[in-house]
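**Q** Dock chain B against chain A, hints included.
Listed below are the residues making up each chain.
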Amino acid sequence: MHFELTEQQRMIRDAAADFAAREIAPVAAELDREERFPAEIVQKMAALGFLGMNVPEEFGGAGLDSLCYILAMEEISKACASCGVIMSVNNSLVCWPLETYGNEEQKRKFLTPLARGEKLGAYCLSEPGAGTDAANQQTRAARDGDGWVINGMKNFITNGAHADVLIVFAMVEPEKKHKGISAFIVETDAPGFAVIREEKKMGIRASDTAQLSFDNVRVPADQLLGQEGQGFKIAMSTLDGGRIGIAAQALGTSQAAYEAARDYARQREQFGRKIMEFQAIQWKIADMAMRIHAARLLTHRAAWLKDQGVRYSKEASMAKLFASETSHFVTNEAVQIFGGNGYSKEYPVERFFRDAKITEIYEGTSEAQRLVISSLEFRE
Amino acid sequence: MDFDFTENQLMFRDMVRDFARREIAPLAHEMDVAGEMPDALVARLREGGFFGLSFPERYGGLGVDTVTYALVVEELAKASAGVSIMITVHNSVGFYPLAMFGSEEAKQAYLPRMAAGEIAAFCISEPGAGSDAAGLRTTARRDGGHYVLSGSKLWVTNGSRASFYVILARTPGTTDHRSIHVFLVERGTPGLSVAKKEDKMGLRCSDTVALDLDEVRVPAKQRLGAEGQGFKIAMTALDGGRIGVAFQGLGIGQACLEEAIRYAKVREQFGEPLAAQPVIQEKLADMATELEAARLLGYRAAWLKDQGRPFTKEAAMAKVYATEAAGRVADAAIQIHGGYGYVKEYPVERYYRDVRVTRIYEGTSEIQRLVIARRLLAES
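Order-wise, the sequence lines are chains A and B.
Each residue of the first sequence is one higher than the one before, starting from 1 at the first, in the working numbering.
Each residue of the second sequence is one higher than the one before, starting from 1001 at the first, in the working numbering.
Misleading hints may appear alongside valid ones.
[As the list claims (entries may be wrong)] Derived DSBU-like pairs: lysine-lysine, alpha-carbon spacing no greater than 35 Å straight-line:
| # | chain 1 | residue 1 | chain 2 | residue 2 |
| --- | --- | --- | --- | --- |
| 1 | A | 179 | A | 44 |
| 2 | A | 119 | A | 44 |
| 3 | A | 357 | B | 1265 |
| 4 | A | 109 | A | 44 |
| 5 | A | 274 | B | 1232 |
| 6 | A | 179 | A | 357 |
| 7 | B | 1265 | A | 176 |
| 8 | B | 1265 | B | 1196 |
| 9 | A | 233 | A | 109 |
| 10 | A | 345 | A | 357 |
| 11 | B | 1200 | B | 1265 |
| 12 | B | 1265 | B | 1221 |
| 13 | B | 1265 | A | 233 |
| 14 | A | 177 | B | 1265 |
| 15 | A | 274 | A | 44 |
| 16 | A | 201 | A | 357 |
| 17 | A | 274 | A | 179 |
| 18 | A | 179 | B | 1265 |
If you're looking for bench data, these hints aren't it; they were derived computationally from the structure.
This is chain B alone, in the form it adopts within the complex:
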């Protein structure tokens, strides 16, 4: 066993930490209030190579390993959870289906553009298909050399900025998950439009939309993988995505812990700093311990992925534990701040709102536990 990072991993983390502190953190509050992310920041992220993190170098990306990726996501999320989800959706569920299942021609055509910062979105959820993702109703009707997509998609992160949409749809008249296919659709394809931009509790600068698909004609070669393989591709992509969400939760949780420690050192009540009071000390100890446990689960899942070994169960454990721990940590951070935790002058109220979604997207805690249990009960 070796719990140390490589020189390279640490260097990368420190660079990102520095970038996030300088370029992202100062904007985080304002972005939250406005519910917008400035184009200039997206451009800086592009220049910084963040959209090419997972992409192999031969396609113009940085090709970082998953442990490094995890470190990067934590640093980004610590500064702004909304920024981190834009980057992770692009680099995991946006990237993976094309990179693993696209034809060489499609990869040559699109991966370099994505790596350079043309943003990808992943479209699986629908009004009637959340946790029951296989119940999706968007149809893909074959028409000669094309498919024609119709339906509506919900909770599409990066939806209005995206240049590429990874879309799941099924053969008309079917209900099983083996009739689901996955397509890569370019922005501007007729019939594809943003129906609505969501107004959210947290992650307010992240761009979340509902999409309309009205007879969207997609060339058959834009289908990724074989016919009927779409659901499996999506599930595999989500395994990797969950590691990203785990570290997003961790980044927010770490920010909460650091704010709580800072506050506890300066705030005095009953004639002494909160930091000297055992009730507060015990809270901080739990916060730190749970985050450490979550980190180790996350690194282990990331490491397994880098080894090319199965990691579905471990990624689900990391996601559910990290996001729930981060939720408890955010709640405790508010409590330590008292009334100040409830007002927007302090960042913890934003963290509290931001962290909430990590227990929901890319598979709710409830779904993760079923994923974990099914695998455990099949083990000897």
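Just chain A, with the same shape it has in the complex:
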């Protein structure tokens, strides 16, 4: 057992931190206010290799391990949670399934430009009626000659309005229930595809969240990802990795809120003393840091297990559950320490508070994580 990062992991973390501080942090408040998709930042992240971190170099990726990815995710998210989730979706939810389930040709054609960041990806699982109950897919894929035709609606799709390539889950054989679902690679220039609405959100406002419609969208046969009927398995195994990414996103927001609160407590005076001298504030600082440390250890361990090639579903769910609830707790305490200033947009903590909330919802709600964890506990 040891808790030391490798030289390479430290280097990646420091590079990400440096980039985030220079290029992202100064504009994060503005991106949030204007709900502006940070295309220029995404381009720079691509240049740094941050959009395909775990993809082998032969397919345009950086060929790094999951820990490197998680460390970079935390640093990017610390500056801007929206940038974090854009990165997470491309890495975890699009590149990973393509690399894991795609054939050579699909990897060459779709994975490579996604890993290089020349194209952006989105993962289309949720639907108006299929949130936590993801197996209840109403989007249909029907055979059409040697290809497929997709019809339906996808909801809450991160990167949806800016993506070039989609991983789309659709029901082929409803009578087989979740075993009737298949996964497809769909390009957004395909006729019949449309972005019908972009959500107005409480937080992660610079990340676009779209409702997508598929109206007789034709998909060639060679864009079926994995085997027919394997879609639900692809969706779930992809989310295992995605959850580590979201845990890292939550960690970044937590760390940002913690540091802001700590620094504020050092300079803010009330009753003739720095507020950090009050035990009530010291308690909050201790609890915030303690939970962040625990969340980080859970997250790093899940990433490490993934790198070992062993099962890590339970650990990923634990990391996601714990890190996201920690983020809720920490950002709330940060607002409290800032008092009225914490409620004002002149300070960043109200943004952290809004951004934190989504981590308890997407890529599996806290409630869904608990069911995953307990079912795996009972099996042991």
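**A** Okay, now just chain B, sitting in the frame of chain A:
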């Protein structure tokens, strides 16, 4: 990073697990009811080498690393929290002051005896000095080549079985922590007597006493470390002790989780096992997740200690998080058991009582948070 244990650590853990299951667990209920620990069990622990865990091999101990120690403590506490505290007090706060600050002569004379199972006790608390340990009033008056100790000590674990007492006392007439010294006093020294055996809510088989010190003459060479160094020695010893208490909490918490899972699988209500009911599943998921988070904090503190690096903050985090998590877990275990959780036929009511003290001794949760916050607020 590497979250795996060594072969050796796992072997050790499995041996202790087996020993605890065979030798300790079957007695735990009876020991709790009687408020006593059988001499025969203490003898078996002696034979098993448990009193030499931390002691270097050259003094007859096993010299295990802190991670191994943590694994051992968890297994012991899972079987009986009272047994685990006897072993940890001896191996941490009993062992450390002599091992780190004793003269070579004192170490040669006493460490092998302790390692062989002559039990050590640590005497810091007093009727008026709990969290405010530096406010202790027991005096050590210099008299030629001796010190004369007078006062009373409270909450002394191992107090009536001990052969050695590590005692903190101050120069008469002083009030500051730099006038506190630490002594090693042998059982049978005139004036040292057990005033009272405590009747406790939990840890009932652990021997907790109040001590009277009535003009106890101690040779000056029995002082450990320099004059006035006593408080610092005690605080450092407690840093290590806290890792032990963290894993004691974890052991009790793990026992609660396992009992709750076992019960949830067999108990039926509303026509199905509790295990099939989401409310119960969610509780179990939280229990498991919090224990995992606590374990990782604990291993990290243990690892830092093994690296010879500072670990005060990390040990405090591990202690406060693990003991509070274990408290929540024990409470949930009772709730899952319903009425059966409240009766002595099931072990969870004992766990619930046993776990409560872990938030109090070796530094309350309140003190831990101040320790953590002071260090955090001094960080850049």
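**Q** Hints first: check each against the structure and report whether it holds.
**A** These are the hints, each one checked on the structure:
no.	hint	verdict
1	179/A x 44/A	violated (40 Å)
2	119/A x 44/A	holds (13 Å)
3	357/A x 1265/B	holds (34 Å)
4	109/A x 44/A	holds (22 Å)
5	274/A x 1232/B	holds (28 Å)
6	179/A x 357/A	holds (32 Å)
7	1265/B x 176/A	holds (30 Å)
8	1265/B x 1196/B	violated (44 Å)
9	233/A x 109/A	holds (23 Å)
10	345/A x 357/A	holds (17 Å)
11	1200/B x 1265/B	holds (33 Å)
12	1265/B x 1221/B	violated (60 Å)
13	1265/B x 233/A	holds (27 Å)
14	177/A x 1265/B	holds (28 Å)
15	274/A x 44/A	violated (40 Å)
16	201/A x 357/A	holds (11 Å)
17	274/A x 179/A	violated (61 Å)
18	179/A x 1265/B	holds (28 Å)
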